[in-house]
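2 protein chains.
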Amino acid sequence: MKIAFIGAGNVAWHLSQALAAAGHEITAVYSRSATSREALARLLPAAKPVASLAELAGMAADIILIAVPDAVIATVAQQLQVPPGTLVAHTSGSQPLAILEDINGARTGVFYPLQTFSKAKAVDFKAVPLLIEARDEQALQKLEQLAQSISDQVQRVSSEARRQLHLAAVFACNFTNHLLGISRELLQEANLPPGLLQPLIHETIAKAALHPPFEVQTGPAVRHDENVIAGHLHLLAQHPRYSELYRQLTDSIQATKNKV
Amino acid sequence: MKIAFIGAGNVAWHLSQALAAAGHEITAVYSRSATSREALARLLPAAKPVASLAELAGMAADIILIAVPDAVIATVAQQLQVPPGTLVAHTSGSQPLAILEDINGARTGVFYPLQTFSKAKAVDFKAVPLLIEARDEQALQKLEQLAQSISDQVQRVSSEARRQLHLAAVFACNFTNHLLGISRELLQEANLPPGLLQPLIHETIAKAALHPPFEVQTGPAVRHDENVIAGHLHLLAQHPRYSELYRQLTDSIQATKNKV
Chain A
14 MKIAFIGAGN VAWHLSQALA AAGHEITAVY SRSATSREAL ARLLPAAKPV ASLAELAGMA
74 ADIILIAVPD AVIATVAQQL QVPPGTLVAH TSGSQPLAIL EDINGARTGV FYPLQTFSKA
134 KAVDFKAVPL LIEARDEQAL QKLEQLAQSI SDQVQRVSSE ARRQLHLAAV FACNFTNHLL
194 GISRELLQEA NLPPGLLQPL IHETIAKAAL HPPFEVQTGP AVRHDENVIA GHLHLLAQHP
254 RYSELYRQLT DSIQATKNKV
Chain B
14 MKIAFIGAGN VAWHLSQALA AAGHEITAVY SRSATSREAL ARLLPAAKPV ASLAELAGMA
74 ADIILIAVPD AVIATVAQQL QVPPGTLVAH TSGSQPLAIL EDINGARTGV FYPLQTFSKA
134 KAVDFKAVPL LIEARDEQAL QKLEQLAQSI SDQVQRVSSE ARRQLHLAAV FACNFTNHLL
194 GISRELLQEA NLPPGLLQPL IHETIAKAAL HPPFEVQTGP AVRHDENVIA GHLHLLAQHP
254 RYSELYRQLT DSIQATKNKV
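Chain order of the listed sequences is A and B. Each residue of the first sequence is one higher than the last, beginning at 14 in our numbering. Each residue of the second sequence is one higher than the last, beginning at 14 in our numbering.
Just so you know, not all the hints are guaranteed correct.
You can't tell identical chains apart in this list, so a pair holds if it fits in one copy or across any two.
[Claimed, not checked] In silico DSS-like cross-links for lysine-lysine, where the CA-CA straight-line distance does not exceed 27 Å:
| # | residue 1 | residue 2 |
| --- | --- | --- |
| 1 | Lys134 | Lys270 |
| 2 | Lys15 | Lys270 |
| 3 | Lys139 | Lys220 |
| 4 | Lys220 | Lys132 |
| 5 | Lys220 | Lys134 |
| 6 | Lys132 | Lys61 |
| 7 | Lys270 | Lys155 |
Source of the hints: derived by calculation from the structure; they are not laboratory data. Predicted model, so just to flag it, every value in this text is computed and none were measured.
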């Protein structure tokens, strides 16, 4: 298929290259930043870096993929005028399909790769879940075909379910990363090497993948080990914010026990 | 070395078998539960299951390892009477060396395997950090030698640093597991498969091992994406406790930005 990209950030970077490697033709890359659009277009055999959405819309493409920050999708959609019948899809986990409804005459969809991307790190797309959505079956099949050409994990997911998935991802990934950061800060304070907890972290994640996490919860909170909890809160006296988090998470673990 | 175990739970289960496999002689296993001590002793070529601490103390052993729940260590230590010069070490991350000071005439130490254990899952001890502590150099070297016979990750760590390490582990593992549980509950509510977030979770952990987590934080909190945050809090309306956790973690991420 012929695909044009709006955006040249982390998602566009990896997705466009994976699609090109799977035999699709990336015809154009639009970005407001000349450096970004040129850097990415240089990596794609047939792509032209373009500086205006009007120029991009005028080029031949089966699908236009919008891979810009969530907050900018609506603005891009309002400015975009495409030939009737063009399929336009965004790549966001948090935004509904309906955010594209202002695009005159376009068929719209969502093409969401559920992974965190950074330009410096290669991605194996085969294992990345690709969640797709569209209003009509024909568009769905087109997006599905495109998705299956790069990933083994393609699923149809509604805007509503995707929104809840994004919330779940914030807990499992963004918040988890923050806890790992706190943990690292505490290790540093005790002059302990930052890698010391890695085996334990890996085992925790592996166990939580095999069993419902609430059922394999360990630690002082679930044991109601009040002496250890009091000792930890004492150690956190210099970190009122972490101390409050510790209390809240401990309470939540203890309240959750009843759900298991 | 000849080693006697007090306790037949998860830690004793794995540690005693790893030490036996490395050529040490496990002479005795004490547990109040006949089923537990007999089940473990059956797996150890030379071990006798014993029902009294006095009997255990009377048997020949270079080292007695105490692997009982944290809350019981002090009680065991008060009851234990060993031949002068016997090295007695506990295996707890959260308890200080000083908890063993009541053992008359014994040399005391800590032999702490930094991993989470469950009987059903095999453990590769080579990769498990073993943290040791003792009051005198001779005892330290003995514990070090024992530790190095099963692990490539042996470190001397003081009671104070180990306490902070244990606190760090609660954030990185116990609390992380709870967040993964919340995430799974949210996926279930949307009828999404529980494994859907696994690739993202693995990438998050891998990234946090390569870079300081605070520096690679992603998500709506660090972007101050107030629309998405408000939408998530709306979705969590039925879960006041998770909603409060979401707020606290978001605040903490935003406050931490300034530290990077």
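Verification of the supplied hints:
no. : hint              : in the structure
1   : Lys134 <-> Lys270 : between (39 Å within a copy, 23 Å between copies)
2   : Lys15 <-> Lys270  : neither (52 Å within a copy, 41 Å between copies)
3   : Lys139 <-> Lys220 : both (23 Å within a copy, 19 Å between copies)
4   : Lys220 <-> Lys132 : between (30 Å within a copy, 13 Å between copies)
5   : Lys220 <-> Lys134 : both (26 Å within a copy, 9 Å between copies)
6   : Lys132 <-> Lys61  : within (20 Å within a copy, 59 Å between copies)
7   : Lys270 <-> Lys155 : neither (45 Å within a copy, 41 Å between copies)
The structure does not agree with the numbered hints 2 and 7 stated previously, though it agrees with the rest.
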